[in-house]
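Assemble the whole structure, with the sequences as input and the hints as a guide.
Chains as they are written, first to last, in the numbering used here: chain D, 2 to 117; chain V, -2 to 117.
The hints are all genuine.
Per label pair, the in silico range of CB-to-CB distance: (1) D:Gly4 / V:Asn49: 20 to 30 Å; (2) V:Thr28 / D:Gln18: 35 to 45 Å; (3) D:Gly86 / V:Gln116: 33 to 43 Å; (4) D:Thr115 / V:Thr27: 37 to 47 Å; (5) V:Phe51 / D:Glu69: 29 to 39 Å.
Think of the hints as simulated: they come from the structure by calculation, not from any bench. By construction, the Cβ of each residue, glycine as well, lies at the ideal position given by its N, Cα and C atoms.
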Amino acid sequence: DTGVSQNPRHKITKRGQNVTFRCDPISEHNRLYWYRQTLGQGPEFLTYFQNEAQLEKSRLLSDRFSAERPKGSFSTLEIQRTEQGDSAMYLCASIHLTLWINYGYTFGSGTRLTVV
Amino acid sequence: AQKVTQAQTEISVVEKEDVTLDCVYETRDTTYYLFWYKQPPSGELVFLIRRNSFDEQNEISGRYSWNFQKSTSSFNFTITASQVVDSAVYFCALSESWARSGGGADGLTFGKGTHLIIQP
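This is the structure in structure tokens:
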């Protein structure tokens, strides 16, 4: 297991369509995070899971966004009725709660969403 | 509310010059963690360093060094003898809520990043 994997790498969708992204964290990591990064900005926190429980959601996560981590392993982020403002890079990160002190958060390469 | 400010949007230097990236943070917590990440054109964020608020010792790792000063709420990053491969966007980030989550692992607040260009 070489790191955090995100699929797809790129997604182009028409406004109003639904999209779903997947994140596979490092296998022994128990916390998983979603961030959104728009052009020229730093990543912004969206939500995170500890195992299968969603512990915190940012105000950025509108009702059109939903995230799941059903078995405490991979996670999905779904955006319903996409808008052009949803165009961004969606980043996933994971940590092991007792090991992260030395290794920080491990990020995936992200999924770049373009809404046309 | 927590905030991270990286006032330098873009820095361009010639290879082998030293360069310092500034980071100023705001937090009401007494216990917090500060990070630096590198984001090359590939997009993946690469962890560079994590520092907790109780440890004000400066740290050096090869050509990289970090200066943490609580008195000025700054956590600056210096690259000595810069190389073209150092070209990337560098982000400073802050993690609070240590008591709630047990370790500051509730998520990161990032600055807007500094785009560092090293010219050959």
